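*Asks:* These are the residues of each chain, in order.
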Amino acid sequence: MQTGRIYEVSEVNEHIKALLDEDAALAGIFVRGELSNYKIYPSGHHYFTLKDPEGTLRSVMFKSAASKLRFRPENGMKVIAFGRITVFPRDGQYQLYCNELTPDGVGDLHVAFEQLKEKLFKEGLFDQQHKKPLPAYPERIALITSSAGAAVRDMIRVLGKRYPLAKVIVLPVRVQGEEAPPEICGALRYVNQWKLADLIITGRGGGSIEDLWAFNDERVARAIFASGIPVISAVGHEPDVTISDFVADLRAATPSNGAELAVPDMAELQIRLRNMETRAAQALDRKIKLGRERLERLRQTRSMLSPLNYIQDRRMVLDFDQERLANAMRNAVHGHREHYGRLAAALDALSPLKVLGRGYSIARGPAGEILKEYTQVHEGDTITVTLQRGRLGCTVTERKK
Amino acid sequence: MAEKKLSFEDSITRLEQIVKLLEKGDARLEDSLALFEEGTGLLRRCGTMLDNAEQKVVRLMKSADGTPAETEFPKESV
Numbered sequence: 001m002q003t004g005r006i007y008e009v010s011e012v013n014e015h016i017k018a019l020l021d022e023d024a025a026l027a028g029i030f031v032r033g034e035l036s037n038y039k040i041y042p043s044g045h046h047y048f049t050l051k052d053p054e055g056t057l058r059s060v061m062f063k064s065a066a067s068k069l070r071f072r073p074e075n076g077m078k079v080i081a082f083g084r085i086t087v088f089p090r091d092g093q094y095q096l097y098c099n100e101l102t103p104d105g106v107g108d109l110h111v112a113f114e115q116l117k118e119k120l121f122k123e124g125l126f127d128q129q130h131k132k133p134l135p136a137y138p139e140r141i142a143l144i145t146s147s148a149g150a151a152v153r154d155m156i157r158v159l160g161k162r163y164p165l166a167k168v169i170v171l172p173v174r175v176q177g178e179e180a181p182p183e184i185c186g187a188l189r190y191v192n193q194w195k196l197a198d199l200i201i202t203g204r205g206g207g208s209i210e211d212l213w214a215f216n217d218e219r220v221a222r223a224i225f226a227s228g229i230p231v232i233s234a235v236g237h238e239p240d241v242t243i244s245d246f247v248a249d250l251r252a253a254t255p256s257n258g259a260e261l262a263v264p265d266m267a268e269l270q271i272r273l274r275n276m277e278t279r280a281a282q283a284l285d286r287k288i289k290l291g292r293e294r295l296e297r298l299r300q301t302r303s304m305l306s307p308l309n310y311i312q313d314r315r316m317v318l319d320f321d322q323e324r325l326a327n328a329m330r331n332a333v334h335g336h337r338e339h340y341g342r343l344a345a346a347l348d349a350l351s352p353l354k355v356l357g358r359g360y361s362i363a364r365g366p367a368g369e370i371l372k373e374y375t376q377v378h379e380g381d382t383i384t385v386t387l388q389r390g391r392l393g394c395t396v397t398e399r400k401k
Numbered sequence: 001m002a003e004k005k006l007s008f009e010d011s012i013t014r015l016e017q018i019v020k021l022l023e024k025g026d027a028r029l030e031d032s033l034a035l036f037e038e039g040t041g042l043l044r045r046c047g048t049m050l051d052n053a054e055q056k057v058v059r060l061m062k063s064a065d066g067t068p069a070e071t072e073f074p075k076e077s078v
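One line per chain: the protein sequences are A and B, in this order.
Per full-length UniProt numbering, the first sequence starts with residue 1, numbered consecutively.
Per full-length UniProt numbering, the second sequence starts with residue 1, numbered consecutively.
So here's chain B without its partners, still in its complex pose (with noise of 0.2 angstroms):
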């Protein structure tokens, strides 16, 4: 559940927390297993994040009470 919502800064951040730990040795086996499941799954996600991003471009306007509203911003040939 909470994996779902690991921004891309957070998941890279335990990911080499991970490969620390991993690299240091000193984990039972066990979690060591763990550990490695929980860091190729986070590969895995960095890895999709960064192939599937596509940017997205807004424009941005304060509205009539003040909030800010957005609106696409044009495209052209960028």
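Just chain A, with the same shape it has in the complex (with noise of 0.2 angstroms):
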């Protein structure tokens, strides 16, 4: 620049602009710092401030670098931006030009793995009651996994090993990379929409957190959740913690692990059913003893032991029984002919035999009937006249009222 010319603005503008692409530091430099007036644009692009104590730094990300992030920058987020550092010409302000962003201290996958846990954890995805217990036998387990990997082996022999009756369905799936998520997601509504299985264990072998990805993935967890048959999350080793552990309704430690917990193991089964078997005759043995004994005690009893007795016993009884008829009958009797006698004298107290004997007389019209008034017979008319001895033909010879 010359000493004494007056400048455009732009010419300023420019020459700085030139003076700082010049300087190879600035052209891809990696700066510490913490993130302030965070600001996603509808373009797609991200503003933001990075600051210390001492001062701010402008930047922006472009929406091509910005779709890339594997986490969500928030306000107060210590980070590492690196970029290059320029002049836009129309502010006439330097920036930064940031390329990538990624947070500070810890790495951003690690960030993200938190950031996804809280968002599901706050959903309620993790919530025990969604938790669907697993089946104590099943017919069916399907292998959500590479087929290439040591894990799918690994599985396969434990299953073999501890419950031979369950039949193993492989759905081979990429276990990392980009196609990974979309392709467990697919294996796990696939087993769902065709029932293929009655449990589901998905997983692979242990490796870096980039290498685990894929059970990190949102997707992959939405679509656990979303099984109907009970999935348990075997990812990597002992210590390697995914969202799929979290979501699923059981997490193992290692595929081994995973294929243990889903099935009983056959050993401790047949135990079971010796167990069982030695219980079932115990039980049986014991009430075949009671029924035993209870007909001993009834073959103890006076009659049982005797039946003599109990015919003596009978006897007696009947004897009794006799006697009681006996008696009966006579006192029956003896209150018939009582009341025949009242009966018979009374009828003799009656008898027209005895008016007779008084010197009556009966007389009776010519059909035979017994006259009461002179009306019933006519003058002329043969009646007769009973007496106590012998009766009388005689003629009517006269009425009289």
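Check the hints yourself; a few may be wrong.
What the hints assert, rightly or not - Facing chain A, according to a computed beta carbon distance under 8 angstroms, are these residues of chain B, among others:
{"hint": "1", "residue": "Ser7"}
{"hint": "2", "residue": "Glu23"}
{"hint": "3", "residue": "Gly25"}
{"hint": "4", "residue": "Gly39"}
{"hint": "5", "residue": "Cys46"}
{"hint": "6", "residue": "Leu50"}
Think of the hints as simulated: they come from the structure by calculation, not from any bench.
None of the values given here were measured: they were computed from a predicted structure.
All residues carry an ideal CB built from backbone N, CA and C; glycine is no exception.
Dock chain to chain to rebuild the complex, using the hints, since each chain is given by itself in its own frame.
*Replies:* The following block contains the structure:
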């Protein structure tokens, strides 16, 4: 630049821009700072300010770079930004054109993990109430994993050793890389759609956090949550924890452990079966023993001990009954006889023969009817008169009132 | 007939039920005998199932029309 010359604004800005652009260090620089004023514009570009206690640095991240972010930047977050520093001539301001942004101290994947974990936790995807019980004796187990790795071999081996009754259905999927999450989700849905199994194990062997990343994918987490068939998550080695582990119905430390948790152990089952056999036999023995004792008690009773006793008993009862019957009979006959005597005396008292004995007689008309009134006969009729002894035939000569 | 279709789980569940019933001891003797007979049948069945079980492993692929198609899973040295 020349001293004394008058420059246009844009000339100054262009000059400074040229100066900065010449500096190799500024063309690719890592900057540590705290995020503030973080804004995402509808265009998809991200604008923010990096700051430390002494100063601030305006920064922009274009859509293409921002889409590769694996975590959600938040104000106050300590970050390391990588990019180039240049001037934006319109504003006359220099700024950082950021290509990559990673959390400072912890990896970006770690932050993404924590963020997704918190989000799904708040949504309730990890709630105990959603955990489905595993079938006690699964008949078909779907393995959603790579068909190549050691993991699938381990699982098949353990399942075969512990519980060969279960059929194992392998749904080969990729377990790392961009394609892995959609493939795992697809397989989960497929097993559910066709009801191919009563238990699903999904997972893979150990690896770096990047290798395991598919199992920290939100889509995979939601597909596991949506599965109507219980899911065991069996990812990596013991200390590895993935989002899938939280959302699955059961978390296994390793693929082999997943297989162990999935099925009962045949050896234990056989012991249990033998145990049940013993218990059933003992219960039946007890039952029979009780029956036998009861029978024995009955046998000890007097009537069973001596049949003669029984007969004597019966005979005594019979004798007694006979006596009672005779008495009853006697009483009845006696009663009837008395009654008869009374009736006979009464009848005797009423006998017309007695009346005739006193001199009365009975007159009967021609038809034999007893005459009580003079009107019953006419003059000239023949009537019969019965006396105490014998009877008279008489002719009516006169009627008087 | 129905017994043939009983799964291992059904068999073992019924077996547990039978053992409990027998241990309770209030069934009639004839019933107890029948239960015991059923129980030994189930025991034999479960035992045989376990003894003879041969693990089946298949590899599942989607066929052209979207239905599941099973193929043999390469055994190698598992």
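*Asks:* For every hint, state whether the structure bears it out.
*Replies:* Status of the hints after comparison with the structure:
| no. | hint | in the structure |
| --- | --- | --- |
| 1 | Ser7 | 6 angstroms, holds |
| 2 | Glu23 | 5 angstroms, holds |
| 3 | Gly25 | 6 angstroms, holds |
| 4 | Gly39 | 5 angstroms, holds |
| 5 | Cys46 | 6 angstroms, holds |
| 6 | Leu50 | 5 angstroms, holds |
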